[in-house]
Amino acid sequence: MPSLTLDKTDLRILAELQLNGRLTNVELAERVALSPSPCLRRLKQLEESGAIRQYVALLDPSCIGLGLQAFVRVTLEKRGNVHAQSFNEAVQRWSEVINCYAMTGEMDYLLQVYFEDLEHFSRFVMDELLQHPGVEDVKSSFVLKEIKRTTALPLSHLRG
Numbered sequence: 001m002p003s004l005t006l007d008k009t010d011l012r013i014l015a016e017l018q019l020n021g022r023l024t025n026v027e028l029a030e031r032v033a034l035s036p037s038p039c040l041r042r043l044k045q046l047e048e049s050g051a052i053r054q055y056v057a058l059l060d061p062s063c064i065g066l067g068l069q070a071f072v073r074v075t076l077e078k079r080g081n082v083h084a085q086s087f088n089e090a091v092q093r094w095s096e097v098i099n100c101y102a103m104t105g106e107m108d109y110l111l112q113v114y115f116e117d118l119e120h121f122s123r124f125v126m127d128e129l130l131q132h133p134g135v136e137d138v139k140s141s142f143v144l145k146e147i148k149r150t151t152a153l154p155l156s157h158l159r160g
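When we follow UniProt numbering, the leftmost residue of the sequence shown carries the number 1, and every step to the right adds one.
The hints are simulated quantities; they were obtained by calculation from the structure and are not laboratory data.
Just so you know, these numbers come straight off a predicted model, no measurement behind them.
Hints are supplied without guarantee of correctness; some may be wrong.
[Unchecked claim] Straight-line alpha carbon distances no greater than 25 angstroms define the calculated SDA-like cross-link-like pairs of lysine to any residue that follow:
id, residue 1, residue 2
1, LYS44, VAL82
2, LYS139, PHE124
3, LYS44, SER156
4, LYS78, MET103
5, LYS139, GLU77
6, LYS8, LEU28
7, LYS148, LYS44
8, LYS139, VAL82
9, LYS78, GLU136
10, LYS8, ASN25
11, LYS44, ARG22
12, LYS44, GLY21
13, LYS139, MET126
14, LYS145, HIS120
15, LYS139, THR104
16, LYS148, TYR114
17, LYS8, ALA152
18, LYS78, TYR101
19, LYS145, PHE124
[To be verified] Simulated restraints on C-beta separations:
id, residue 1, residue 2, range
20, ILE98, HIS132, 15 to 23 angstroms
21, GLY21, THR75, 30 to 38 angstroms
22, VAL56, LEU110, 20 to 28 angstroms
23, LEU40, ASP127, 44 to 52 angstroms
24, GLU146, ALA84, 46 to 54 angstroms
25, LYS139, ALA51, 33 to 41 angstroms
26, ARG123, ASP60, 22 to 30 angstroms
27, GLU119, ASN99, 20 to 28 angstroms
28, LYS145, PRO38, 29 to 37 angstroms
29, PRO133, VAL56, 27 to 35 angstroms
30, TYR101, GLN131, 19 to 27 angstroms
The beta carbon of each residue, even a glycine, is placed where N, CA and C say it ideally should be.
I would like the entire structure built from these sequences, with the hints used as guidance.
Spelled out as structure tokens, the structure:
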């Protein structure tokens with residue numbers, strides 16, 4: 001995707017929306033010192049360019065009964081690309097997996113997962129993950145305490 005040229009006003013719009021995606025256009029315009037019409041035009045351009053992918057509600061895992069968060073490192077057997085494709089498809093079906101990354105280094109994938117409790121985690125690992133063909137090794141780390149959580153991407157590198 002080609003690099004997008006963003007001015008200071010575009011960056012302020014993006015920063016404000018990363019803090020609160022539910023701002024009305026009038027509220028957003030006030031915060032970035034624009035009138036509503038030009039603000040809406042810029043917002044539409046940012047959406048159409050793909051700079052803004054989507055708007056979502058961020059849920060609190062503990063409020064919806066997901067008290068156990070873990071990171072799972074997965075290594076696949078190294079026979080061809082069949083296992084990788086099959087694993088990629090399986091990850092899409094596993095609702096416990098909220099993020100999955102193909103990695104360099106000692107592991108092939110890093111999964112960020114949420115569970116109700118240790119029993120739920122155990123069922124997932126034993127019945128899903130380890131039963132998947134091609135999974136050679138699984139190592140898990142449980143989150144003890146969340147130090148920082150944000151969905152906001154840094155924008156400072158875009159300032160001229």
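For each hint, the structure was consulted:
1. LYS44 x VAL82: Violated, at about 41 angstroms.
2. LYS139 x PHE124: Cα-Cα ~13 angstroms, so holds.
3. LYS44 x SER156: Distance of about 22 angstroms is within 25 angstroms: holds.
4. LYS78 x MET103: With Cα atoms ~14 angstroms apart, LYS78 and MET103 stay inside 25 angstroms; holds.
5. LYS139 x GLU77: It holds: about 15 angstroms lies between the C-alpha atoms, which stays within 25 angstroms.
6. LYS8 x LEU28: holds (14 angstroms)
7. LYS148 x LYS44: violated (31 angstroms)
8. LYS139 x VAL82: holds (22 angstroms)
9. LYS78 x GLU136: Roughly 9 angstroms between the alpha carbons, so the hint for LYS78 and GLU136 holds.
10. LYS8 x ASN25: holds (18 angstroms)
11. LYS44 x ARG22: holds (15 angstroms)
12. LYS44 x GLY21: holds (14 angstroms)
13. LYS139 x MET126: holds (13 angstroms)
14. LYS145 x HIS120: holds (19 angstroms)
15. LYS139 x THR104: With a Cα-Cα distance of about 16 angstroms, the restraint between LYS139 and THR104 holds, given a limit of 25 angstroms.
16. LYS148 x TYR114: holds (17 angstroms)
17. LYS8 x ALA152: Measuring from Cα to Cα gives roughly 17 angstroms; hence the hint holds.
18. LYS78 x TYR101: The given pair, whose Cα atoms are some 17 angstroms apart, holds under the 25 angstroms limit.
19. LYS145 x PHE124: Given that 25 angstroms is the threshold and the Cα spacing comes to 22 angstroms, the pair holds.
20. ILE98 x HIS132: 15 to 23 angstroms: Once the Cβ atoms are compared, 18 angstroms apart, the range 15 to 23 angstroms for HIS132 and ILE98 holds.
21. GLY21 x THR75: 30 to 38 angstroms: For THR75 against GLY21, whose Cβ atoms are near 37 angstroms apart, the range 30 to 38 angstroms holds.
22. VAL56 x LEU110: 20 to 28 angstroms: Once the Cβ atoms are compared, 22 angstroms apart, the range 20 to 28 angstroms for LEU110 and VAL56 holds.
23. LEU40 x ASP127: 44 to 52 angstroms: holds (49 angstroms)
24. GLU146 x ALA84: 46 to 54 angstroms: Violated - the Cβ-Cβ distance for GLU146 and ALA84, about 30 angstroms, lies outside 46 to 54 angstroms.
25. LYS139 x ALA51: 33 to 41 angstroms: holds (36 angstroms)
26. ARG123 x ASP60: 22 to 30 angstroms: For ARG123 and ASP60 the Cβ distance comes to about 23 angstroms; the hint holds.
27. GLU119 x ASN99: 20 to 28 angstroms: Given a distance of about 23 angstroms, which is inside 20 to 28 angstroms, the answer is holds.
28. LYS145 x PRO38: 29 to 37 angstroms: violated (44 angstroms)
29. PRO133 x VAL56: 27 to 35 angstroms: Holds - the Cβ-Cβ distance for PRO133 and VAL56, about 33 angstroms, lies within 27 to 35 angstroms.
30. TYR101 x GLN131: 19 to 27 angstroms: holds (22 angstroms)
This entry does not satisfy hints 1, 7, 24, 28, going by the numbered hints stated previously.
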